[in-house]
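Novice: Here the protein sequences line up with chains P and V, keeping their order. The first sequence runs contiguously to residue 746 in the UniProt record's numbering. The second sequence runs contiguously to residue 746 in the UniProt record's numbering.
Worth flagging that the hints you see were computed from the coordinates, not collected in a lab. Fair warning: there could be bad hints in the mix.
Note: identical chains are not told apart, hence a pair may lie in one copy or across any two.
Straight-line Cα separation of at most 25 angstroms, DMTMM-like style, residue types lysine to aspartate or glutamate; simulated pairs [unchecked claim]:
1. Lys330 x Asp319
2. Lys618 x Glu64
3. Lys307 x Glu294
4. Lys709 x Asp105
5. Lys529 x Glu228
6. Lys383 x Asp106
7. Lys601 x Asp414
8. Lys383 x Glu704
9. Lys389 x Asp62
10. Lys58 x Asp105
11. Lys538 x Glu679
Protein chains: 2
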Amino acid sequence: MSIQKAFLLLTTVLGLIFAPHSFAQEHPSLILTKAGVEKIRANLGKTPLFDASLEKVKQQVDAEIALGIDTPIPKDFSGGYTHYRHKLNFVIAQKAGVLYQILQDDKYAIYVRDMLLQYEAMYKNLPVHPQERSYARGKLFWQCLNDSNWLVYMSQAYDTIYNFLTAEQRQKLENNLFRPFANFISLENPAFYNRIHNHSTWGNAAVGMIGLVMNDEELIQRALYGIEDDGLPVGGVDNDGGTIKVKGQKKGFLANLEDPFSPDGYYTEGPYYQRYAMYPFLIFALAMENTRPELKVLQHKNNVLLKGVNALLNLTDADGNFFPLNDGQKGMSYYTASLVTAVNIAYYYGGKNPQLLSIAQKQNQVLLDQSGLAVAIAIREGKAQPYVKQSINLSDGINGQQGGVGILRYGNEDLTLVFKYAAQGLSHGHYDKLSFSYYQKGNEVLQDYGLVRFVNIGQKGGGNYLKENATWAKSTIAHNTLSQNQQMHFGGKYAVASQHHSELYFYDDSNADVQVVSATESNAYPGSKMHRTMALIKDEHFEQAYLLDIMKVDSNSKNEYDLPFYYMGQVISTNFEYQTPTNLQPLGDKNGYQHLYLEGKGKAAANNTQFSWLGNGKYFTLTAITQPSDQILLTRIGANDPEFNLRRDAGFMLRRSNSDNTTFVSIVEAHGSYSPVSELSLNSSSNIKSASLLYDTDQYTAVEVIDIKGNQQVFILSNQNADKSKQHKVTIGGKTYRWQGPYYYQ
Amino acid sequence: MSIQKAFLLLTTVLGLIFAPHSFAQEHPSLILTKAGVEKIRANLGKTPLFDASLEKVKQQVDAEIALGIDTPIPKDFSGGYTHYRHKLNFVIAQKAGVLYQILQDDKYAIYVRDMLLQYEAMYKNLPVHPQERSYARGKLFWQCLNDSNWLVYMSQAYDTIYNFLTAEQRQKLENNLFRPFANFISLENPAFYNRIHNHSTWGNAAVGMIGLVMNDEELIQRALYGIEDDGLPVGGVDNDGGTIKVKGQKKGFLANLEDPFSPDGYYTEGPYYQRYAMYPFLIFALAMENTRPELKVLQHKNNVLLKGVNALLNLTDADGNFFPLNDGQKGMSYYTASLVTAVNIAYYYGGKNPQLLSIAQKQNQVLLDQSGLAVAIAIREGKAQPYVKQSINLSDGINGQQGGVGILRYGNEDLTLVFKYAAQGLSHGHYDKLSFSYYQKGNEVLQDYGLVRFVNIGQKGGGNYLKENATWAKSTIAHNTLSQNQQMHFGGKYAVASQHHSELYFYDDSNADVQVVSATESNAYPGSKMHRTMALIKDEHFEQAYLLDIMKVDSNSKNEYDLPFYYMGQVISTNFEYQTPTNLQPLGDKNGYQHLYLEGKGKAAANNTQFSWLGNGKYFTLTAITQPSDQILLTRIGANDPEFNLRRDAGFMLRRSNSDNTTFVSIVEAHGSYSPVSELSLNSSSNIKSASLLYDTDQYTAVEVIDIKGNQQVFILSNQNADKSKQHKVTIGGKTYRWQGPYYYQ
């Protein structure tokens, strides 16, 4: 037993002895509290957003009550009826319980009671779910994960109607349903329960929540610290290919809270799964705060959960959509229910940041608890302020030492760079070190493909990950980063990739007009070191900020390098000659290349290769400093896609063969606009006359950009010393440049 | 001279004699009137939408005045600077003139005066435009069309500052600029001026507008009636392939108003060009109304112009985007400036329909004249009502006898069918008889491709029509209609196509739950007759309305038929086997087929072939009644497209070979929804268990649909008698059906 754990246990025991009031177990106490209910009832009819949220929930629940309760025998994958119905049941039951507390109308308690008793009757003899795909099959659902979702919600429902039930009913439910249910997802499924993974977080929270309602200390301990001796061998993989157990693996809710979150609140799997995991993290931490505040679970690891909400909100584009780093379904946004929870809790328990209120306004709903009430009251009182997203660097790794994600923003999210130099991100990670995506407001300019999955759409592989997720979405060539010899980073090997991470070289957003993030990767291709520096620069001679991208590779062998840019839009012009084949063929036969059709092939233009496109009414030009032997490949996703699982999106790819040490420099300009309504085409051409690599040594890389009016801009990067106070001096073409810090720009 | 013309001339002469006051030529009198200005000034600061519109215009004009006047030597195509600048000049000058009247600040008059004098100095010696593509090159622009735009606006500008100028300045402008300008686009370019075409409408309006300001009766007559003897030979084509002169061709503004508009206000070229032509039609008609009301130009042809505004607003989807029938650029909508003009004028001069006010509210701007003021005042007074778009059948042709466009709408534009059975539509027409497109609110479900052109984007072929417009967009296979033996309708011959039109069989929207439009086409493929019937049916057993599509072909030869459906979205499921090739090849080598890649090929499923897709968060399933020998082709647009001018959109194509008389029946269901935010997938499967052709003779075609709960729906079409009062009786499978009118449904 660790010292920390012993201390917590002691606190618990002392609590039991000296603070029995906190265990008198009034109900509700988990999320909604007795005091909270009183305050809510006192404010009914006075707080527009709360009242509207209540009315919406009431309509939804009333409609379900009218339909009657259905607890079908489990049969389907996600996307099928039984899955959908059981999922809706726990969502509605939780809400009905809340309505019972707030409206004090017995019909809601009766509905929850009857549903729970129906489950009790069914669960006793329920075998594991008939669908066999999961490494940890549930009973109500095809995986324990969804069973855990059920218990997290049903615990809340139970808490709200606890006092409405007879002691006999409670005993029946606890003995035949809740305790066996909690044991099934934990003791009987340690491979599911004892991991460092969002699956386990849900499992831990579920066991802990029901433990708190039932005042069952054993379950609470099991939630916080996992199963002491799970008997699992080291190794093993789940059905998504994620490792189940590594040597010395920690376990339980607190470990899951410590491990995947960096001190900045970044969750290593990426924002899509952070969004998913935030709910059990926050809801159980909140339940602990309400029932065992002295354990300070909500404040654990220096308030990392509340920081996580801030990180998550910053991992969105201007429309609130999460950046689809690693496995992430596009379109998921801070409008999702778990972010309503997150924003409300972060506001109420995290210092009442008035900027969070404007997100709540956009969400247009609040939680029906004391935090939601506080948000609604503050909005009513006009306290909301715009949520302003700044540039931010989020470290990855338990101690913030495993790379990270740098987000550079110019203006009011006019342009946003998302630069990924993180760790692998567990089983949902993609093989895309030093990749990036680029946004103009809420529109993708250069996309991260995201995942290949139609979540919950049964016809598409049961709503699960499709095989193209592994063959395309996770591949290196699917991302805006460097591929070497058509291989994936780390050979596409998860076990190898999980041991490494990129290294931040420096991050500097102190000058709003020249923001830079720079990182290195030495392990993705053994023998090769990649150093990518991305600068978002607003120069007075340019209409908008431009993105300067310097990818410097040093290798001990001659390689073929591919650097793709997955632009979103339609080709407007090129300055290079290319041929378009009549018949399309795949670009390769593995590592993602088999999914790319070659739509055009050409030679780079002398010195600068330019490529312009129009997307979402905006013009963009990519200007690459190229060598005469460079090739340009115009690609289209969709080859070897027999089920039409992939989008037919386009790419521009620069190929440089037979090179060891080389530097790719690309500039992405946003310029002008086009409206199909006014049919005005403004500023549709690049502002760059020429770009050149003035100087490129181990020490320094200097890029010169000359705009069409002849103004010169020079960016010099110190390649080996990023110290802020370091003085530099370099003479290039007879001119001596002196500066302090990792870069020079003028 | 026609009797009508003689009468109008007589009226004019009488007007000259007996109503000299109407020619006392006060200024402004063209669009803005003296009385209008007084009323506007009296209402300043009191009418929010007018005040806001004024402020916006003022900001724009002030910014231009600050930049100074530039009238560069003409050089560029549309998309280039000189084109853009001259276009902006006339737009700003017109607005500056209006500001001068409303704000009575001389700086605006000075700006217009100086600009006009600069043009006067330049125009005298200006050669024709250096770009040689147009059949009628302008001087300021590459085509007389744009020069005419200039004069239409500058006439208004001149009118507003007329009294500010000295008599000497006016004489200078009139003698050296306006009169030569008007003569150049008319007398010197009769091939441009004397057509029945939107080009001539602009030319006629331009000459008429300046004629009215200068009180030049010769120009006014030339505007209304064209050039008496243009000396042009019959025939000739413009640079878009349109015929310049046919035998017995009428000419002039009134003829242009009569010919292309049907009595319902449908403009034969289609809504994109109607939108473009509406401005000169309305603005000159309004100028005539203000200065020569006794000629009743605005009311000409039974108020067809005002009906045209109504038709145009009805030719939009739920977002206000025009249906891209024939050549039409997608995204053009009723938010465009010419529709602000149209809506304001239609409101003020067309019976003050309060529904038009809600369109004006969406446009969020009004004209700065008496009509705009009236709209803004009515909005201020709360008179606006929602503009409700109903189903509508718009006839085509001068007398409404040349086919038409039927628009069936279900619900509040929840589903909209656009069925085209019109005439060719002049030079902008596509070869797509009996084609259709289908919308769910503002989203395309089954698309009409539109045009291949990047209007005003210089890099894309000077912003002009691209060659793929002819090779793809106009082709039959590019549309959701029947292709026979891979040929285009009318062999793709404009001269042939222009002689024919489809025939309405019947249109019936009297039952909101069963709306039907049916038409025939006998000339597109000589020897073959196509009869297509489309019904939008809301059955109680279906969640949403479904589209029933019956295409019956009778041919005197064995043919291969292709029936494509250009669905928008991603494949969700199919019930048929298909193969996907690794290498993509074009489907053919001409008639549009050369632009389609074959992505998949399969055999129809027995009896019913089903194909489901997800687009814009909604599920759709196409169920086709198929024969065992039918083939399914899954296509992708984009082959043989070296400049990337085409979008990579998908198609589902049914191919039936070696058939003469045959009937295609397809049902398109909208069902369910998917949200990437809640990740809820609702009702993602078809509700159809089976569909079958119960009966199919020359007299009757009967389709049976059985839903998954086993309910039977039967639709029977009388193929040869569409009389509403006709009694029918037919016995099918032992059951006798009796009904009255062209169809039976139950």
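Novice: For every hint, state whether the structure bears it out.
Specialist: Hint-by-hint comparison with the structure:
no.: 1; hint: Lys330 x Asp319; result: both (12 angstroms within a copy, 24 angstroms between copies)
no.: 2; hint: Lys618 x Glu64; result: between (46 angstroms within a copy, 23 angstroms between copies)
no.: 3; hint: Lys307 x Glu294; result: within (20 angstroms within a copy, 75 angstroms between copies)
no.: 4; hint: Lys709 x Asp105; result: neither (74 angstroms within a copy, 37 angstroms between copies)
no.: 5; hint: Lys529 x Glu228; result: neither (42 angstroms within a copy, 80 angstroms between copies)
no.: 6; hint: Lys383 x Asp106; result: neither (36 angstroms within a copy, 47 angstroms between copies)
no.: 7; hint: Lys601 x Asp414; result: neither (33 angstroms within a copy, 44 angstroms between copies)
no.: 8; hint: Lys383 x Glu704; result: neither (48 angstroms within a copy, 61 angstroms between copies)
no.: 9; hint: Lys389 x Asp62; result: neither (39 angstroms within a copy, 34 angstroms between copies)
no.: 10; hint: Lys58 x Asp105; result: within (11 angstroms within a copy, 60 angstroms between copies)
no.: 11; hint: Lys538 x Glu679; result: neither (28 angstroms within a copy, 38 angstroms between copies)
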